[in-house]
Amino acid sequence: MYETFFDMRHTPFVRDLPASELYEPPAVADALGRLAYTADRQLFAVVTADAGCGKSTLVRRFASSLPKEEYLLLYLSDSKLTPRWFYKGMPDQLGIESRFYRGDAKRQLQKEAEIIRGVQKKKVVCILDEAHLLEKETIEDYSPG
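Quick note on this note's numbering: the sequence shown kicks off at 1 and runs consecutively.
Watch out, some of these pointers could steer you wrong.
Capping the alpha-carbon separation at 27 angstroms, the derived lysine-lysine pairs in BS3-like fashion look like this [what the hints assert, rightly or not]:
1) K106 to K68
2) K106 to K123
3) K123 to K88
4) K136 to K121
Treat the hints as calculated values from the structure; they're not laboratory data.
In this text the structure is predicted, and so the values were computed from the model without any measurement.
Make the full structure from the sequences, and use the hints.
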């Protein structure tokens, strides 16, 4: 009803609002630029903010901005994620069955990412949404280096 009255193209404040239609204040534009820099250089980044500030929305907006011909996006959202399930979930998205042992699965994922970079000439971007709820040990396992 109010959409018609205010001549809106989409219902505001819904999850399926196209990412291109999201409001982009200067702070969001800055964060998107930093994430693009991180993805382009294949670095590790953490986005933090208070609950409800729009971290997941920022990630959705960022993901939609990545050119599909240059990037392969792998995305997991699980606040109780363990390293074992991380190394199962990411290869699943690539259509491969992960190795049973975590160390083997980690090396397998790294190898697949290198193959994608070398053969498909795409940069792999792994996003862990809700990672701020993960245990320190789990986050350290994901960190490069």
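Tested hints:
{"no.": "1", "hint": "K106 to K68", "result": "holds, 24 angstroms"}
{"no.": "2", "hint": "K106 to K123", "result": "holds, 18 angstroms"}
{"no.": "3", "hint": "K123 to K88", "result": "holds, 20 angstroms"}
{"no.": "4", "hint": "K136 to K121", "result": "violated, 33 angstroms"}
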